[in-house]
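Please model the complete structure; the sequences and the hints are all you need to start from.
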Amino acid sequence: MGSSGTGQAVKSWCIHVPMENVVTRKKKILCGSFIAFLLVVLFAYVAASVALDRFSRRLMSELVTKAETRGIGLSQPSFESARLSPFLSPIWSGIAAKLSRSPDESSSEWDLQADRATLHWKFDNRAFLIARGVTLFDISAGPRGREMTDRQIIVDHISYQIPFDLWHPKSVIPALLQEFEQLSSEGTTSWPLGIDGVIVCKVKSKPVELDLEVVQRGNVNSLALMEEGVASLSDLFEDKLTETEVELIASYPLRAARLLQIKDTAESTSTKANQKDSSVPQDAYRHVLWSYLLTQAYDAKFAEEVGNAHETGDTGNTEAEREMDLHNNSIGRKYAKQGIKQAGVLKQLMSDPEVQHAP
1 MGSSGTGQAV KSWCIHVPME NVVTRKKKIL CGSFIAFLLV VLFAYVAASV
51 ALDRFSRRLM SELVTKAETR GIGLSQPSFE SARLSPFLSP IWSGIAAKLS
101 RSPDESSSEW DLQADRATLH WKFDNRAFLI ARGVTLFDIS AGPRGREMTD
151 RQIIVDHISY QIPFDLWHPK SVIPALLQEF EQLSSEGTTS WPLGIDGVIV
201 CKVKSKPVEL DLEVVQRGNV NSLALMEEGV ASLSDLFEDK LTETEVELIA
251 SYPLRAARLL QIKDTAESTS TKANQKDSSV PQDAYRHVLW SYLLTQAYDA
301 KFAEEVGNAH ETGDTGNTEA EREMDLHNNS IGRKYAKQGI KQAGVLKQLM
351 SDPEVQHAP
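By full-length UniProt numbering, the letter at position 256 of the sequence shown is numbered 256, and the numbering carries on one by one without gaps.
Since the hints were made in silico from the structure, they are not lab data.
Misleading hints may appear alongside valid ones.
Quick list of in silico lysine-lysine cross-link-like pairs, DSS-like style, CA-CA up to 30 Å [stated by the list, open to error]:
#1 Lys301 to Lys240
#2 Lys272 to Lys337
#3 Lys347 to Lys202
#4 Lys204 to Lys301
#5 Lys240 to Lys170
#6 Lys170 to Lys202
#7 Lys202 to Lys337
#8 Lys206 to Lys240
#9 Lys122 to Lys170
#10 Lys272 to Lys170
#11 Lys206 to Lys170
Pair ranges (Cβ atoms, derived) [to be verified]:
#12 His357 to Ser78: 30 to 38 Å
#13 Ala343 to Gln182: 31 to 39 Å
#14 Ser85 to Ile340: 54 to 62 Å
#15 Ala358 to Gln275: 32 to 40 Å
#16 Leu166 to Glu80: 22 to 30 Å
#17 Thr312 to Gln182: 20 to 28 Å
#18 Ser268 to Leu88: 50 to 58 Å
In this text the structure is predicted, and so the values were computed from the model without any measurement.
Backbone N, C-alpha and C define an ideal beta-carbon position, used for all residues, glycine too.
As structure tokens, then:
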């Protein structure tokens, strides 16, 4: 009787255990497992972001070295942080670097700052490099050494489609540098490019803002300025911009602000010199100084291209005046190659029998 009573008690206990307690324990186990899974994922995410940060910093050093071998100046590259987005896209914040394109523009460099850059990769060997809040400040040689100018490129958004191998990310560096070299020198790239930005500077002491655009010509994408914006500046100058000159300036957006300011400097300097001394040939001095400054800033070939653009089309000049202006442009290029200081250009011009004062 005693053992039978004990068995009945156990049986009674098993039958009367509340099912809600069993369910509760299962929920706790599932909840604990889910929290543990989230912690593992969080740990993996943090670890991956740390790895991305370290990899990116090593990659920057390699990028500087490879850029140097291609004649591209890249110095002091940095970023504040690197992390992965919830979609596993790398994000870099607080980006900064100094860029220069040598040898043509060795006297000028760009100070780059960007709020954020994101690499959205696809699984078809493509990726989209998207940058926001990008500003490029032109730094040029001045009387007190290198100094910040008022020339800026301000980009709200830029999208660049690049070939990308997820398993070999460094393999894109040579092609990326080649495209950058082509973009900085010719303003063209074979990769799809989208941009929303402006060029900002001062001309005749007035603030100027010119819209950037991308023009597609076959398989080539060209960075350019909207021509109507450039043409609207013609009235600022005594010597108006010709249609060909507008097209050239618009096709060189990275040089546009400097080209406009060089034209401004040559015009205002020659005008003031003539007002001070009427024997100074204002037109000849303007052309000589303009071409001289262009050659100093870039090279003789590009200076000649700019000068020729100004004398092409409906300029209002006679053929004799056109030939005179082109000749005086060549004098300016010669002075620059001879190493004559800018302050000595007028003195040299006044005693140079080759300079044409009249057609």
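To see whether the hints hold, each was checked on the structure:
no. : hint                         : verdict
1   : Lys301 to Lys240             : holds, 22 Å
2   : Lys272 to Lys337             : holds, 25 Å
3   : Lys347 to Lys202             : holds, 29 Å
4   : Lys204 to Lys301             : holds, 27 Å
5   : Lys240 to Lys170             : violated, 49 Å
6   : Lys170 to Lys202             : violated, 40 Å
7   : Lys202 to Lys337             : holds, 28 Å
8   : Lys206 to Lys240             : holds, 17 Å
9   : Lys122 to Lys170             : holds, 16 Å
10  : Lys272 to Lys170             : violated, 55 Å
11  : Lys206 to Lys170             : violated, 45 Å
12  : His357 to Ser78: 30 to 38 Å  : violated, 54 Å
13  : Ala343 to Gln182: 31 to 39 Å : holds, 37 Å
14  : Ser85 to Ile340: 54 to 62 Å  : holds, 56 Å
15  : Ala358 to Gln275: 32 to 40 Å : violated, 19 Å
16  : Leu166 to Glu80: 22 to 30 Å  : holds, 25 Å
17  : Thr312 to Gln182: 20 to 28 Å : holds, 26 Å
18  : Ser268 to Leu88: 50 to 58 Å  : holds, 55 Å
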